[in-house]
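J.: This is what each chain is made of:
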Amino acid sequence: MAVVLLPRSLLALFPGAERRHEIDGTTVEEVLVLLDARVPGIRDRLVESGPRLRPHINVYVDGERGDLVTEVGPTTTVHVIPAVSGG
Amino acid sequence: MTTRTLLLVGTKKGAFILESDATRRDWSVRGPLCEGWPTHDLIVEPTSGAILAAAGSPWFGPAVWRSDDLGTTWSHSSAGLTYGDDGPAIKTVWSLAATPDGTLLAGVEPAGLFRSTDGGATWAHVEGLTNHPTRPTWGPGAGGLILHTIVPHPTDPMRTWVGISAVGVFETRDGGVSWEPRNVGVRAGFLPDPHPITGQCVHKFAMAAGEPDTLYQQNHCGVYRSDDGGATWIELTDNGLPSEFSFPLVTHPRDPDTAWVIPLNGADQGRYVPDGRPAVWRTHDRGATWIRADEGLPAEHAYLTILREAMARDTLDPVGVTFGTETGQLWHSADEGRSWGLVTDALPEIWAVESVVLDG
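First to last, the sequence lines map onto chains B and P. Just so we're aligned: the first sequence equals residues 247 to 333 in this note's numbering. Just so we're aligned: the second sequence equals residues 832 to 1191 in this note's numbering.
Derived from the structure by calculation, the hints contain no laboratory data. Every value quoted in this text rests on a predicted model; they were computed, and no experiment measured them. Treat the hints with care, since some could be wrong.
Said to hold, decoys possible - Result set (DMTMM-like, lysine to aspartate or glutamate): computed pairs, CA atoms no more than 25 Å apart in a straight line:
1) P:K922 to B:D313
2) P:K922 to B:E275
3) P:K844 to P:D900
4) P:K844 to P:D857
5) P:K922 to P:E958
6) P:K843 to P:E876
7) P:K844 to P:D1088
8) P:K844 to P:D899
9) P:K922 to B:D308
10) P:K843 to P:D1176
11) P:K922 to B:D270
12) P:K843 to P:D900
Claimed, not checked - Simulated restraints, written as ranges between beta carbons of each label pair:
13) B:T321 to P:G918: 50 to 58 Å
14) P:D1166 to B:H325: 54 to 62 Å
15) B:M247 to P:R966: 44 to 52 Å
16) P:V860 to B:V330: 25 to 33 Å
17) P:A973 to B:P297: 53 to 61 Å
18) P:P1087 to B:G296: 30 to 38 Å
19) B:A329 to P:V860: 40 to 48 Å
20) B:P261 to P:G918: 28 to 36 Å
21) P:P1025 to B:H325: 49 to 57 Å
22) B:G296 to P:V860: 47 to 55 Å
23) P:R861 to B:A329: 23 to 31 Å
24) B:V330 to P:D1190: 44 to 52 Å
25) P:D949 to B:T321: 37 to 45 Å
26) P:D949 to B:G296: 25 to 33 Å
Where a beta carbon is used, it is the ideal one built from N, C-alpha and C, also for glycine.
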């Protein structure tokens, strides 16, 4: 199962949610749908209409920038990282 | 009976709640709330007493936040806040209101209206407004293409008015199925045709107490009143106001003839109070004359800007009026806007103020 690591600022929106999740899924989109079943509402915080990742949300799949269609394997690590932006 | 007065304050960096008693002299401050999300509007849901916040995060998108314990704990949802996968992404929630049947309405950017019948847990697009024939001509103001004002009829859930910048006022009389522009008599001085059907830059409008067909409007181009539910508007600017340009407008909770505005110097002159001398102007005669009040406010060199949602009034007697500035000061008057005192002076950029009175 893929390992998904979530950022602190996202966890703050879902009290009790774990930072680390092990999830079956073949793409980032599928992983986020399955994650949403565990943490209802979390997909909406990461994905906008399109569907596409929100402009200031980055997903790294085994260290490489990915998007919703990036493939995910059983040993993949997925990092969700808010972009360095704001003011 | 103990009276608690709350000021719900939306800022660029989260919501804040200030609390006092009926005297409204000393205020405690809680915040930042809503995880520091930029917050454009706050209301209290009449049916439950819950606080609802309209917000949008640069990272995590739009959401309506809800607290059922006066701001101690919060949840959030944007379920259904979408124009669909083929439509534009929604950046933020700009405005909230409740209709008399308990339905919640949310205005968003880019401009559109959503409704919730479950306290904000899920939302549905009010397609009739988005499908209006003028929609292809809608253009943004400096703050974006935003639906920033929602004024429900106090007793008829089928009637609601909304304000969109820079598009104008619309009214529905059938619960959102169809909408009509309500901009006759309102100038759009920045367009080649200053009297289009839509294209007016409404900044804020509010209903007169006990007179649902009386509306007051602060526009980019003047202050107006309508006595026929927005069908036609009469300009009030030249009745003594120092400027046509401002953002907020608030009406009295019991007197339909009284309203407050805070004129700024002009759209292209800095958008701060004239000459750096803040003053709140009020009318007691439906805009026929205006009274300037600056007691307690800085006498000079205070180049304050007050944004469209950043003024509110409570329901006590005398009425308390509050405004917040783009530079984080919160000013309060406990005597209907005659004299003013500083509540706090270092909040983030203030975008919204709402007054709440709790008895019990």
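J.: State for each hint whether it applies.
T.: For each hint, the structure was consulted:
1. Between the alpha carbons of P:K922 and B:D313 the distance comes to roughly 20 Å, so the proposed pair stays at or under 25 Å and holds.
2. Distance restraint check for P:K922 and B:E275: the Cα-Cα separation of roughly 21 Å lies within the 25 Å cut-off, and the hinted pair is therefore satisfied.
3. Taken as a hint, the P:K844 and P:D900 pair is honoured in the structure, with Cα atoms around 21 Å apart against an allowance of 25 Å.
4. Taken as a hint, the P:K844 and P:D857 pair is honoured in the structure, with Cα atoms around 23 Å apart against an allowance of 25 Å.
5. Proposed proximity of P:K922 and P:E958 is supported: the alpha carbons are some 18 Å apart, at most 25 Å.
6. A hinted pair counts as satisfied when its Cα atoms are at most 25 Å apart, and P:K843 with P:E876 qualifies at roughly 23 Å.
7. A distance of roughly 36 Å separates the Cα atoms of P:K844 and P:D1088; the hinted pair therefore is violated under the 25 Å criterion.
8. Distance hint between P:K844 and P:D899 is fulfilled; the C-alpha atoms sit about 21 Å from each other, no more than 25 Å.
9. Distance hint between P:K922 and B:D308 is unfulfilled; the C-alpha atoms sit about 30 Å from each other, more than 25 Å.
10. Of the supplied pair hints, the one linking P:K843 and P:D1176 holds, its CA atoms being roughly 15 Å apart against a limit of 25 Å.
11. Between P:K922 and B:D270 the alpha-carbon distance is near 31 Å, which puts this suggested pair outside the 25 Å criterion.
12. In summary, the hint linking P:K843 to P:D900 is supported, as the alpha carbons are separated by about 23 Å, within the 25 Å threshold.
13. Evaluation of the 50 to 58 Å hint for B:T321 and P:G918 yields a failure: the beta carbon distance comes to about 37 Å.
14. For the hinted restraint 54 to 62 Å between P:D1166 and B:H325, the CB-CB distance of approximately 56 Å keeps it satisfied.
15. Here the CB-CB span from B:M247 to P:R966 is close to 46 Å, well matched to the stated 44 to 52 Å.
16. A hinted range of 25 to 33 Å for the beta carbons of P:V860 and B:V330 is consistent with their spacing of about 30 Å.
17. Between P:A973 and B:P297 the C-beta distance comes to about 30 Å, which lies outside the given range of 53 to 61 Å.
18. The hinted range of 30 to 38 Å is not satisfied by P:P1087 and B:G296, whose Cβ atoms lie roughly 47 Å apart.
19. The supplied range of 40 to 48 Å is broken by B:A329 and P:V860, whose beta-carbon atoms lie about 31 Å from each other.
20. Here the CB-CB span from B:P261 to P:G918 is close to 31 Å, well matched to the stated 28 to 36 Å.
21. P:P1025 and B:H325 have their C-beta atoms about 54 Å apart, which keeps the hinted 49 to 57 Å range intact.
22. Checked against the given bound of 47 to 55 Å, the beta carbons of B:G296 and P:V860, roughly 40 Å apart, lie outside it.
23. A C-beta distance of roughly 30 Å is found between P:R861 and B:A329, which places it inside the suggested range of 23 to 31 Å.
24. A C-beta distance of roughly 47 Å is found between B:V330 and P:D1190, which places it inside the suggested range of 44 to 52 Å.
25. Judged by the Cβ atoms, the range 37 to 45 Å given for P:D949 and B:T321 holds: they are separated by roughly 41 Å.
26. Against the hinted window of 25 to 33 Å, the Cβ-Cβ separation of P:D949 and B:G296 comes to about 26 Å, which satisfies the hint.
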